[in-house]
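The task is simple: from the sequences and hints, build the whole structure.
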Amino acid sequence: MIKFLKNVSLVFVLFITFCGSNNQNKFLKIEHWWFSLDDFYSFVPNYTFKLLSTKDKQEKVNQFIERQLIIYDAIKKGHRNDPGFQKRMKNNKNQLLYNMFFDRTILDTIITKDLLLGEYENLNPVRKETYTFNEYLPVLKNHLSGTYEKNIRRAYITTIDNLITEYRLLISDSAIDSLAKEYFKKYKTFSKNNIPTSVSEIILRELDFKPALYSLNGTDLGVRDFLSRSKNYPYNIPSRLSHAPTLKTTIEKVIINDLIIKKSIKRKLDRAPDFKQKLLDKQYDLLYNSYKRNEISNKVDINNGRLKTFYEQNKNVLYMSKPLYEVHEIFIKDRKKAENVLLKAKQSPDYKSLSDKYTERFLNKPQKGYLGYITSDLYAGIGKCAKSTELGAVYPELVPSGKGFSIIKVLNIKKSEPSPFDTIKHRVLSDYKKSSYKSIELELIQSLRHKYTYEINVSLLNI
Numbered sequence: 396m397i398k399f400l401k402n403v404s405l406v407f408v409l410f411i412t413f414c415g416s417n418n419q420n421k422f423l424k425i426e427h428w429w430f431s432l433d434d435f436y437s438f439v440p441n442y443t444f445k446l447l448s449t450k451d452k453q454e455k456v457n458q459f460i461e462r463q464l465i466i467y468d469a470i471k472k473g474h475r476n477d478p479g480f481q482k483r484m485k486n487n488k489n490q491l492l493y494n495m496f497f498d499r500t501i502l503d504t505i506i507t508k509d510l511l512l513g514e515y516e517n518l519n520p521v522r523k524e525t526y527t528f529n530e531y532l533p534v535l536k537n538h539l540s541g542t543y544e545k546n547i548r549r550a551y552i553t554t555i556d557n558l559i560t561e562y563r564l565l566i567s568d569s570a571i572d573s574l575a576k577e578y579f580k581k582y583k584t585f586s587k588n589n590i591p592t593s594v595s596e597i598i599l600r601e602l603d604f605k606p607a608l609y610s611l612n613g614t615d616l617g618v619r620d621f622l623s624r625s626k627n628y629p630y631n632i633p634s635r636l637s638h639a640p641t642l643k644t645t646i647e648k649v650i651i652n653d654l655i656i657k658k659s660i661k662r663k664l665d666r667a668p669d670f671k672q673k674l675l676d677k678q679y680d681l682l683y684n685s686y687k688r689n690e691i692s693n694k695v696d697i698n699n700g701r702l703k704t705f706y707e708q709n710k711n712v713l714y715m716s717k718p719l720y721e722v723h724e725i726f727i728k729d730r731k732k733a734e735n736v737l738l739k740a741k742q743s744p745d746y747k748s749l750s751d752k753y754t755e756r757f758l759n760k761p762q763k764g765y766l767g768y769i770t771s772d773l774y775a776g777i778g779k780c781a782k783s784t785e786l787g788a789v790y791p792e793l794v795p796s797g798k799g800f801s802i803i804k805v806l807n808i809k810k811s812e813p814s815p816f817d818t819i820k821h822r823v824l825s826d827y828k829k830s831s832y833k834s835i836e837l838e839l840i841q842s843l844r845h846k847y848t849y850e851i852n853v854s855l856l857n858i
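Numbered by this note's numbering, the letters in the sequence shown go through residues 396 to 858 in order.
It is possible that some hints are incorrect.
[As the list claims (entries may be wrong)] Dumping the calculated DSBU-like pairs for lysine-lysine here, alpha-carbon to alpha-carbon at most 35 Å: (1) Lys488 x Lys673; (2) Lys677 x Lys694; (3) Lys671 x Lys482; (4) Lys779 x Lys717; (5) Lys472 x Lys810; (6) Lys710 x Lys782; (7) Lys694 x Lys763; (8) Lys583 x Lys605; (9) Lys671 x Lys658; (10) Lys605 x Lys657; (11) Lys694 x Lys485; (12) Lys424 x Lys687; (13) Lys536 x Lys482; (14) Lys846 x Lys820; (15) Lys648 x Lys677; (16) Lys421 x Lys485; (17) Lys658 x Lys576; (18) Lys587 x Lys488; (19) Lys452 x Lys829; (20) Lys482 x Lys605; (21) Lys717 x Lys782; (22) Lys760 x Lys829; (23) Lys424 x Lys663; (24) Lys763 x Lys747; (25) Lys424 x Lys488; (26) Lys779 x Lys829; (27) Lys687 x Lys820.
[To be verified] If you anchor each label on the Cβ, the simulated ranges turn out as follows: (28) Lys829 x Lys728: 46 to 52 Å; (29) Lys829 x Asn546: 43 to 49 Å; (30) Thr592 x Arg522: 58 to 64 Å; (31) Pro815 x Arg844: 29 to 35 Å; (32) Pro718 x Lys694: 35 to 41 Å.
These are computed hints drawn from the structure, not numbers from a lab.
Here the structure is a predicted model, which is why all the values come from computation and not from measurement.
Think of the CB as a built atom: it goes at the ideal place given N, C-alpha and C, for glycine as much as any other residue.
Pasting the structure below:
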């Protein structure tokens, strides 16, 4: 990775042209495309960035540059023209419009600016000195949203009820029941192994159901109107609409969603700066993820030969088994008695007889006190002490264990060795994917850094 500090002297001269009042938000320029300071603070919130060390701040800026280079290359390669991308963006836009309506209608009336300012004033002095009100606003909103969660939920339900009353939304139960039965007959004709995602829309269009399903403001409306409104619905419509209650709930949700989106547009919420930034963030996220999927994930070549080669190259580092220690224990609750037995164990060649006579747990084992082969992280401190005991020796001190003390002897040691490929193939596959992904990603980032010219205005940041 090209370190951020290495670029500072290069770009400083270029920033002289950015100093006009209209350029205060211009942060990163790739070719002729600008990314704003708001884009950066969407990537890493201001209140988080502010507390980072200089080194970590530089790393975050580097990560932002790399991310935006990927996004810019995705734009250049026409990812925004992909029908799947456009559909996801439309759904994101409608989700945001829906949420924005309730933010303005409910959230802003419950969590008022005065309430937020009061919360800010009650912060401890150190935090107030660290953050301005605007910098800490997201944290304050999040905290108060939790505090007033019940009020917000009640207001949401009331708003939906008022909307139903305002538009006089009435749903015909008899028509719903009839449509559900017709839907079921058609649904049965689809193969269980070949049901398309849009099966509900396909069936509803083919049925040509005539009766009115619902009415708005006294106007009877049917399946065609529902399908038209469903274009604004950002979620998949359930496939099993043969269940009448599910069909009714789905129709209700789609209509209310459509009404709210239209209200949001009428109130010009889609032109609000915070809406535009959120939508832009969604676009960048989609571009970034689709690009990485196409240009990195899909290029990871997986086959058995490559996995075995990766295993052979890394088996002595990544896939070594833990050393095993064969341990025999004498467990005694009373400390003085344990100390006396420890002296005997150090001197006696017949440790097993001592264990048979004195140990007070694991009495039902074929050999009393025999723990078998254990790793250094088992049986609390016993495994750790076994690790530091010579083969055939008794550990020189009592080992606190449960409500008593253990005297241990190491009978054998199995050294660390590579685990067989077939027993850890799933781990090898996971590690190979991560390694290959990282390698392809690093190569891609380096190529993009050389492919495009970019300038970054670090003077906008407090580093």
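Would you mind confirming whether the straight-line C-alpha gap from Lys648 to Lys677 stays at or under 35 Å? holds, 23 Å
Verify the proposed pairing of Lys779 with Lys829, using a straight-line Cα cut of 35 Å. Satisfied, since the Cα-Cα distance of roughly 32 Å is no more than 35 Å.
Starting from Lys421, check that the Cα of Lys485 is at most 35 Å away, please. holds, 27 Å
Holds or violated: are the alpha carbons of Lys424 and Lys488 at most 35 Å from each other? holds, 26 Å
Proposed proximity, Lys694 with Lys677 (alpha carbon, max 35 Å): holds, 25 Å
Next pair to validate is Lys452 with Lys829; report whether the Cα-Cα distance is within 35 Å. Roughly 26 Å between the alpha carbons, so the hint for Lys452 and Lys829 holds.
Is Lys694 within 35 Å of Lys485, Cα to Cα? Distance ~29 Å between Lys694 and Lys485 Cα, so the pair holds.
Distance restraint hint 29 to 35 Å, applied to the beta-carbon atoms of Pro815 and Arg844: 42 Å Cβ-Cβ, so the 29 to 35 Å window is violated.
Decide if the proposed pair is consistent with the structure: Lys687 and Lys820, CA atoms, cutoff 35 Å inclusive. Judged against 35 Å, a Cα distance of about 25 Å means the pair holds.
Holds or violated: Lys536 to Lys482, with C-alpha atoms at most 35 Å apart: holds, 31 Å
Does the alpha-carbon distance linking Lys671 and Lys482 stay inside the 35 Å limit? Distance of about 18 Å is within 35 Å: holds.
Distance restraint hint 43 to 49 Å, applied to the beta-carbon atoms of Lys829 and Asn546: Given a distance of about 45 Å, which is inside 43 to 49 Å, the answer is holds.
The structure fails hints 5, 7, 14, 22, 30, 31 (numbered hints given earlier, in ascending order).
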